[in-house]
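Peer 1: What follows is each chain in one-letter form.
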Amino acid sequence: MSKMLFEKSVEGRKGVSLPAMDVPAVDMPANLKRNKLAEIGEYSELDVVRHYTNLSLKNFSVDTHFYPLGSCTMKYNPKVCETVARFDGLAAIHPMMPVSGGLDMCQGALELIYELENHLSEVTGMSATTLQPLAGAHGEMLGIMLIASYHRAKGNKKKYVIVPDSSHGTNPATASMMGYEIITVKTADYGDMDLDEFKEKMNDEVAAVMMTNPNTLGVFNPYIKEISEVAHAHDAMLYYDGANLNAILGKVRPGDLGFDVVHVNLHKTYATPHGSGGPGAGPVGCSAKLEPFLPQPRVVKTGDKFSLNYDKENPRITSYFGNYGVLVKAYTYALMMGSDGLKDVAEKAVLNANYIMQKLKPYYDLPYDKTCMHECVFSASRQVEKGVHALDIAKGLIDRGFHPPTVYFPLIVPEAMMIEPTETESKQTMDEFIDAMIEIAGIVDTDPDSLHHAPVTRPVTRLDETQAARQVNVRYQKDA
Amino acid sequence: MSIFYTKEHEWIKVVGDKGTIGISTYAADQLGDITFVELPEVGDEIEKGEIFCSVESVKAASDIYAPMSGVITDINDELESAPETVNDSAEDTGWIAKITIIDIDEEELLTTEEYDAYIETLD
Amino acid sequence: MKFTPHTAQEVAEMLGTIGVSEIDDLFAPIPAELKTEGLDLPKGISEPEAVRQLKKLSGKNKADMTCFLGGGVYDHFIPSAVDAISSRPEFYTAYTPYQPEASQGTLQALYEFQTMMCEMTGMEASNASMYDGGTALAEAALMALRISKKRNKIVIDSSVNPVHKKIVETYLSFLDAEVIDVVYGSGESVEKYIDGTVAGFLFQNPAFDGTVQDFTDIVAKVQADKSVAVASVYPISLGAVKSPGEMGFDVAVGDGQSLGNPLSFGGPYFGFMTTTKKHIRNLPGRITGKTVDTEGRDGYVLTLQAREQHIRRAKATSNICSNQSLCAMNGLFYMALMGSKGLEDVAALCKSKAEYAKEKLAELDGVSVVNDGITFNEFVIELPVNASEVCAKTAKNSILAGIPFGHYVEGAENKLLVAITEQRTKEEIDSLVSEIGGAI
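Protein chains in written order, with the numbering used here: chain G, 1 to 480; chain H, 481 to 603; chain D, 604 to 1043.
Take the hints with a grain of salt, since some may be wrong.
Claimed, not checked - The calculated DSBU-like cross-link candidates involving lysine-lysine, where the alpha carbons are at most 30 Å apart (straight line), are:
no. : chain 1 : residue 1 : chain 2 : residue 2
1   : D       : K638      : H       : K578
2   : D       : K752      : H       : K539
3   : H       : K487      : H       : K498
4   : G       : K478      : G       : K8
Said to hold, decoys possible - To be clear about the criterion: a stretch of chain H counts as covered by chain D if any three or more of its residues have a C-beta under 8 Å from a C-beta of chain D, and this derived list gives those stretches:
no. : segment
5   : 508-522
6   : 537-548
Rather than coming from a laboratory, the hints here were simulated on the basis of the structure. Cβ coordinates follow ideal geometry from the N, Cα and C atoms, glycine included.
Build the full structure now, drawing on both the sequences and the hints.
Peer 2: Structural data, given as structure tokens:
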């Protein structure tokens, strides 16, 4: 295992040269001064570059490996987006630059926000969009906030949010963070929220219904229009979790399905990189009814000038305009795709997922056997009879050079393996992955135990998560 | 002395107005390797059917519901450093809290035989 | 420009395998009457056209200004090696490290990041980053509510950035919680709210007007009352200023922009959150932990996941899912390159240059420094005229003189918040002084 950076520290090394002090040196007074310096260590530039370059080589990533992590949409991140996001006029401007007073110093920056908002409103069929949320879950929070503000303004007494049991964990967590109680509806045989149970549980105290469509099983809800009508009859708002928007780009719009709020994961659908877990960006679109509650500031256009409108009554969910650098990449992608490219994304994503599903069907159980959208969910239940679990299959894939699919989610499928190839993968790559999955299915019959020891090709074998949680160690200590 | 169980898998051993509470062996097995027990504080008042602490494993977390109402008089603080005791001995040394029972209310509680029959119906 | 590799022949083969005749058949589950006619958007463009369009937008922004703006975001020097390392696709095109054996690079980097954030703030435990400084403070308020269980009040000190205050209020306004705002300039102390009913007290150091304080005594009083004391800090100041740990705080948060992340018109940056061992299980967000593999070798995993939304759903410590890993890694690479000594040097440069600027500005007729205490690298000056108008004039000569303080505080139209970093030379500071002198 790699040494810690801290173990490589040598007193007196420097990684950066700073300009000399050109004014009289003034120190903090003793009572406000730090007593003990932070122990970061001392390294040369090469020490640091080599340490982290070598660490990076221990990762799987989209650029190095097929990464069919279901629900996370690990598509290719175009390099041109990285280039433009580093343009000085976009990367080197302070968010508090003056925007008014005839100074016009960041009109381009505001124009990009305005245009991307309009683009997303058209794609989602919403009346307005804000780019402020910093991630999908942050967007969800804002979405539920808009709904709560709407009910509050109307004097509606609302207590509950309905979520299907196939939902992302962020849905109930968000609703509960916004003070709502959760009502869960089971999944029916057809692979989405049971319509009858939903109708039974719907009542006047329900504030919102949160849906992912297509859902985490890759199933498009056939009754969505009816769900929307039932919800609206009780003045409940319909929330669209946009994690899977990539499946329906240019095919159908959440707004046309009756949804009132949508969040879009730009780091999924709009191909911005996931950065080892972030930054993301989770813009929120909403219907006209909810528009007055959008957070401040809003970019407005008067004539051909852009300015900021701070409505002091409205909420603030972040300090500035969102993860701007991510928005630049998404906007560039949106321009390159256009109406035709976005439709192509949805078509090829769905084609790829159905291709894998069809090819693997003979080897793994498919609990919901029907045309899928952008992802398909298998179960390792057949392999479990031989003592091999979804986790073992995942680790076996690592040894064969593939990032595993999402495992054990959605929770309603036992031993779930959720495969999302995305549209940017070729038939050849998928065939290699399919062959690896088939090979593993064969090993389950011939040598199941070998999979329990996988992976064996990585810098580490399986790690003891129980010890990590019992003897919590979250920072390096010199003497430890 | 009598022992009762809940359908949420807690047990309570009652001696006079004193109760000892823990989670059942079945529950501990279901959770897998227990990594953390969030203990209540001595002096806390707990109410029957309400959550008063929780148990965590690597991939799950489970709330603990009070089988009877009472006031916490003692907690098993050995679980702070050795949560695995709950896996090893859920219904003995892996106890979680002791209470002075406010109201000996056996309603909805199960006897050992009833609980064993109940867990047979699960899975 | 499309990024789908399929040839017509491959599409035909794949459709054959699936057993349908055209791609549209795969969209049959969507009821026909709901489908869209087509999006009202222009057709896609090529890469060079996209570059040209973005270059044009970029050109409409003035990036070549001498920047004295702060307010939580600062124009610090970023060593080239920071971007060089974080541009490695193995870092930026990877996902959250759910499969530890295929993500040891990210996990060890985040463990080192957590270590450095603990060191900087003087605390014992850190998460693997949050969205930004403002939301990290809001999450700290929620954490205080969780820790104190039955209390529902949060008191925000006058030192806290009013925008961050508004974020905290927004987050809490839908819960059964009360936010008490100690207004800037009211002269009120938070001390009068220490009455056994408050879950947490939030402070900022340096304050948003730049004033540095020692909160040690008030923290002790807050804790004696079983409330949680939270500090929001500016990491570059921690190269010189007493750390939250040295003042005894329970939780430290802040925005990591100043650690190696470009200004980028407000983001992406990262938030950080550190705490004591005692409260580690109440932290929101991802946490990386050290453990061993089956061969006994050291390795790293995401740990304490039972707190998180994907397991605990409605009962999670937060709905947070993404962190800002790549921005946090920029912070990590920056801190590593600077080293302990470099971080101290940067802080010394900021502090000294700011003292020089403060002194020179105060020499101008009609200009005075508003802060009555010690400052670090940011301070407020009172001008004889409207601050926005002064900024408009200096901007014509490529100087962004500061943030008009009226943006934060009503009735402060003649005040200006000025920030100085190690990037500003003596000459630039002298021009700032003469430009302001000329504008008033």
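Peer 1: A separate judgement is required for each hint: does it hold in the structure or not?
Peer 2: Evaluation of the provided hints:
no. : hint              : result
1   : D/K638 <-> H/K578 : 62 Å, violated
2   : D/K752 <-> H/K539 : 24 Å, holds
3   : H/K487 <-> H/K498 : 21 Å, holds
4   : G/K478 <-> G/K8   : 12 Å, holds
5   : 508-522           : holds (count 3)
6   : 537-548           : holds (count 6)
In terms of the numbered hints stated before, the structure departs from hint 1 and from no other.
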